Amino acid sequence: MMAEMAQEPRKEVTLRVFRGVGNDPSSHRYDTFTVPHEDGMVVLNAIHYIQSHFDSSLSARWNCKAGRCGSCSAEINEVPRLMCKTPVDKFEGEITVEPMRAFPLVRDLATDVSDNWAVGMSIPPFTPRTGLKEPWTIKQEDVERSREMRKCIECFLCQDVCHVVREHKADYIGPRWVVKAASLDMHPLDGINRSDFLKDQAGLGYCNITKCCQEICPEHIIITDDAIIPEKERVVDRHYDPLVWAYRKLRGSK
Amino acid sequence: MWSKESPVKNIPKDDSSYETITCDVLIVGAGGAGMRAAIASFDGGADTLIVCKTLLGKAHTVMAEGGIAASLGNIDPNDSWEVHFSDTIVEGQSISNWKTAYIYAKEVVDRVYELEQYGALFDRTDDGKIMQRPFGAHTYRRLCYIGDRTGLELIRTLEDQVLKRKIPFMDEVEITALFKDATGRACAALAIKNRTGELLLIQFKAIILATGGCGKVYEVTSNSYESTGDGLSLAYRAGADLMDMEMMQFHPTGMIYPAGVRGLLVTEAVRGEGGILTNVKGERFMERYDPKRKELSARDIVARSIYTEIIEGRGTANGAVYLDITKRGPEYIKKKLPSMYYQFLEFAGVDITKQKMEVAPTVHYHMGGVRADPETAGTNVPGFYAAGEVACGLHGANRLGGNSLGDILVFGRRAGIAAARFAKENSMGRAAGQDIEGEVKRILAPFDSPNGTNPFALKERIAATMWKHVGIVRNEKDLRAGLADIDVIAEDAKRVEAKGPRIYNESWVASIQVWNMVLECRAIITSALERTESRGAHTRSDYPAKDDAHWLANIITRDDGGKMVHEVVPVQKPPPEVAALIKE
Ligand SMILES: Cc1cc2nc3c(=O)[nH]c(=O)nc-3n(C[C@H](O)[C@H](O)[C@H](O)COP(=O)(O)OP(=O)(O)OC[C@H]3O[C@@H](n4cnc5c(N)ncnc54)[C@H](O)[C@@H]3O)c2cc1C
Ligand code: SF4
Ligand code: SF4
Ligand code: FES
Chain G
1 MMAEMAQEPR KEVTLRVFRG VGNDPSSHRY DTFTVPHEDG MVVLNAIHYI QSHFDSSLSA
61 RWNCKAGRCG SCSAEINEVP RLMCKTPVDK FEGEITVEPM RAFPLVRDLA TDVSDNWAVG
121 MSIPPFTPRT GLKEPWTIKQ EDVERSREMR KCIECFLCQD VCHVVREHKA DYIGPRWVVK
181 AASLDMHPLD GINRSDFLKD QAGLGYCNIT KCCQEICPEH IIITDDAIIP EKERVVDRHY
241 DPLVWAYRKL RGSK
Chain H
1001 MWSKESPVKN IPKDDSSYET ITCDVLIVGA GGAGMRAAIA SFDGGADTLI VCKTLLGKAH
1061 TVMAEGGIAA SLGNIDPNDS WEVHFSDTIV EGQSISNWKT AYIYAKEVVD RVYELEQYGA
1121 LFDRTDDGKI MQRPFGAHTY RRLCYIGDRT GLELIRTLED QVLKRKIPFM DEVEITALFK
1181 DATGRACAAL AIKNRTGELL LIQFKAIILA TGGCGKVYEV TSNSYESTGD GLSLAYRAGA
1241 DLMDMEMMQF HPTGMIYPAG VRGLLVTEAV RGEGGILTNV KGERFMERYD PKRKELSARD
1301 IVARSIYTEI IEGRGTANGA VYLDITKRGP EYIKKKLPSM YYQFLEFAGV DITKQKMEVA
1361 PTVHYHMGGV RADPETAGTN VPGFYAAGEV ACGLHGANRL GGNSLGDILV FGRRAGIAAA
1421 RFAKENSMGR AAGQDIEGEV KRILAPFDSP NGTNPFALKE RIAATMWKHV GIVRNEKDLR
1481 AGLADIDVIA EDAKRVEAKG PRIYNESWVA SIQVWNMVLE CRAIITSALE RTESRGAHTR
1541 SDYPAKDDAH WLANIITRDD GGKMVHEVVP VQKPPPEVAA LIKE
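Chains G and H are the protein sequences, given in the same order. Just so we're aligned, residue 1 is where the first sequence starts under the working numbering, counting upward by one. Just so we're aligned, residue 1001 is where the second sequence starts under the working numbering, counting upward by one.
Since the hints were made in silico from the structure, they are not lab data. Source: prediction; values computed, not measured. There's no promise every hint is true.
[What the hints assert, rightly or not] Residues of chain H clear of chain G, computed beta-carbon distances all greater than 12 Å:
| # | residue |
| --- | --- |
| 1 | 1044 |
| 2 | 1118 |
| 3 | 1126 |
| 4 | 1159 |
| 5 | 1452 |
| 6 | 1522 |
[To be verified] Derived list of chain H stretches under chain G, where covered just means 3 residues or more per stretch with a C-beta under 8 Å from a C-beta of chain G:
| # | region |
| --- | --- |
| 7 | 1224-1231 |
| 8 | 1254-1264 |
| 9 | 1341-1355 |
| 10 | 1554-1565 |
[Unchecked claim] Here are the simulated PhoX-like cross-link-like pairs (lysine-lysine), alpha carbons at most 20 Å apart as the crow flies:
| # | chain 1 | residue 1 | chain 2 | residue 2 |
| --- | --- | --- | --- | --- |
| 11 | H | 1334 | G | 151 |
| 12 | H | 1099 | H | 1129 |
| 13 | H | 1583 | H | 1292 |
| 14 | H | 1499 | H | 1546 |
| 15 | G | 151 | G | 211 |
| 16 | H | 1335 | H | 1129 |
| 17 | H | 1583 | H | 1573 |
| 18 | H | 1441 | H | 1013 |
| 19 | H | 1356 | H | 1281 |
| 20 | H | 1129 | G | 133 |
| 21 | G | 139 | H | 1129 |
| 22 | H | 1013 | G | 151 |
| 23 | G | 133 | G | 85 |
| 24 | H | 1335 | G | 139 |
| 25 | H | 1099 | H | 1546 |
All C-beta atoms, glycine included, are put in the ideal place defined by N, C-alpha and C.
Work out the full structure, taking the sequences as your base and the hints as a guide.
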């Protein structure tokens, strides 16, 4: 990251920001703004500066400004990133900020990500095994296995970068939702199997393991290697090797 | 390239039409309090609707780090709800509602286990129980946690329960006003659907306000964008009592550098895990202010101590003190405090496993809020409930770490149960047409304000004023100067301008938030002027002593015919058997 940094301390930052309303292509354009540089400045700081000093009609979605909520997703110099976590010093020269392309545009930098909820609702929810003694006892190492998948902040940047989601949206639930299914599957006390769902409804087979999603995840979740591939293996086990599956189920390790 | 069908509609800027929808229980806010309330209301058989002004799952609660305080006694078997109750009252400097604290300490244990059964995965002890970490001013190790991402897991778990039940929700919808019917019952709310720019009237039988805090009225704050305290304004304008508005918690440790992240929280868990505070001379200064508890003293004390070190010239060049956790070693730190590790590495280029952090106080939590009944979370307006940070009663003059995540679960649930019951027993009220028309006119005004003021700039001015004049240490002169500034800003806010089309117009909702913020700031400052003593988070240099003779009391703020007035109400004394539990 540091290698890309500018040599001289810079005084200003220039941003090229996408503008326009979703249903009106004639309104689409890029506005250029130059804002004063500040130490530790992130792209979202620059957007705020534009709003309070140059153009209050600029719209962008954000909330925590701390990389925790996953609201401020955008494409910055063509890579999906969080605006609040992307230092302007990462780039030399002009910075282009655009809305995520995989989602319908609302206005300026805000897109409509609401389709995600229907997908979320389709995933079989956490279902504890029956007959567990309360309060539950769980091993810390089992907690840690699932933890990685639970770091997801639902920024949907991985959905944005995934070519399968972009091209066959309806057929594949996308990396965020495989991570979700994996987080439930890895819950040590979860009692159901999501393999049928992943194979038949979720279109997991469409993913061709390009790993683009795991490269950009701001929470450093190893999406492809730790969620998608193990889930794909489980689908294979369940559908082509019932013995393996039954054996695992008996041992309680799913 | 953004050709996919878009939700956009073209709405003329002056279009005053609105769609009307109905529900039994309307829940405003989808933080922990709102979602837990929704689950309880839905399970209670009410037709429930959640609205929130940001995206579902993004509420301010996601930022919570350290944990939920509950006396499970997994690490310290001597812990009990009685001790938790006592800690809460004592550290709240005796102005909490005792009954609220009593119910809280008893019930929060169940709420933690319930959250686990909903699917949250807490850190564990060696024997597989829920792990508990120490936190400031808690007698025992009491915070149940999920690394330093407790809030994220809490939100996601409740979100899953909401989705599982298919409870209807509408996100990016901003409530601008509440209406009452002729009998004085809350019955409807007006809203802006941000993604389309349309107006919406929601009629209900009962409403639960779960809008969170107002930390964004300060410049240096750990709070999210959405924490503009809208709920306080909504409640005040609807005739509900606000209480202890002057009680704003300053968290001792926020990031100070670089400027872009100033105020970002450094979780108390860093001190809970053994972090040491030192000044620029290398002194462990907490030994002077609280020799017994040191870094794990109450938040108000640690915040004031750091403030004093900095003001008296023992701070760093950046106006901070040091916080050092390096002795724990990289592996432990990355496991127990992963978010902190990345936060410093990515935002400040500081590796906290090798380097000290620079920290200074940051605005964190509003103890004050809408006065709520301990049993039902009801307000003085029938059919109107308030839970979570927007409500007031539990934390007194100083909130204990971990007591907020517990608060939102305990009283979110209680509000949901009570509201569902109220909805069952009552029919739908009707708002007066002229009230609705008046509100529509009010909120469309920013579109008809050519060359008006910039709402984002106004927000910055409000925040700067509050930080300068209504900070950690207050006095009458500063408070009056702050009030005068707010008056000027209020004048400028009358000409606030929304620019651009109705659709996803941040400058429009920000304009309305500016009006809310002005109202809240007035309530905070005038309450702070009223309380002529120092108690907990409220420190007056002109009244440095705690004055139990006069101020074992709450300050109510309410609207009296268009004028903001205060009433000082003595704190209710607990019955003797409960009082006996309180160990100063
Ligand atoms: C960085 C940080 C760390 C913290 N760590 C801890 C911790 O470890 N332990 C602990 O106990 N507490 C902690 N807290 C405090 C705690 O997180 C909050 O007090 C708590 O989450 C508040 O929850 P809530 O449900 O009341 O409100 P919020 O989570 O703030 O949610 C408010 C909701 O109301 C909605 N809303 C607001 N206004 C409107 C409107 N006008 N119209 C429609 N919707 C609206 C918002 O969109 C949002 O959905 C922390 C706070 C911060 C800032
Ligand atoms: S690895 Fe799979 S899910 Fe991830 S971007 Fe590639 S195709 Fe999409
Ligand atoms: S998996 Fe990573 S990139 Fe995808 S939504 Fe979650 S946090 Fe974002
Ligand atoms: S604003 Fe929350 S992740 Fe950027």
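Holds or violated: residue 1335(H) with residue 1129(H), Cα cutoff 20 Å? Roughly 18 Å between the alpha carbons, so the hint for residue 1335(H) and residue 1129(H) holds.
Examine each Cβ of chain G, and state whether all of them lie more than 12 Å from the Cβ of residue 1044(H). Consistent with the label, residue 1044(H) stays out of reach of chain G, its closest Cβ about 21 Å off (over 12 Å).
Holds or violated: are the alpha carbons of residue 1335(H) and residue 139(G) at most 20 Å from each other? Satisfied, since the Cα-Cα distance of roughly 15 Å is no more than 20 Å.
So if I understand the rule, the pair passes when the alpha-carbon distance is 20 Å or less; does residue 1583(H) with residue 1292(H) pass? OK: residue 1583(H) and residue 1292(H) at ~17 Å, within 20 Å.
Please verify whether residue 1129(H) and residue 133(G) have alpha carbons no more than 20 Å apart. holds (12 Å)
Holds or violated: is the Cβ of residue 1118(H) farther than 12 Å from all Cβ atoms of chain G? violated (7 Å)
Are there three or more residues in the region 1224-1231 of chain H whose C-beta lies closer than 8 Å to some C-beta of chain G? holds (count 3)
Quickly compare the C-alpha distance for residue 1013(H) and residue 151(G) to 20 Å and report which way the hint goes. Violated, at roughly 41 Å.
Is residue 1583(H) close enough to residue 1573(H), meaning Cα to Cα at most 20 Å? Cα-Cα ~15 Å, so holds.
Taken at face value, is the distance from the CA of residue 1129(H) to the CA of residue 1099(H) at most 20 Å? violated (30 Å)
Is the hinted pair residue 1334(H) and residue 151(G) satisfied, with a Cα-Cα distance of at most 20 Å? holds (14 Å)
Holds or violated: is the Cβ of residue 1452(H) farther than 12 Å from all Cβ atoms of chain G? violated (10 Å)
The structure fails hints 2, 3, 4, 5, 10, 12, 14, 22, 23 and 25 (numbered hints given earlier, in ascending order).
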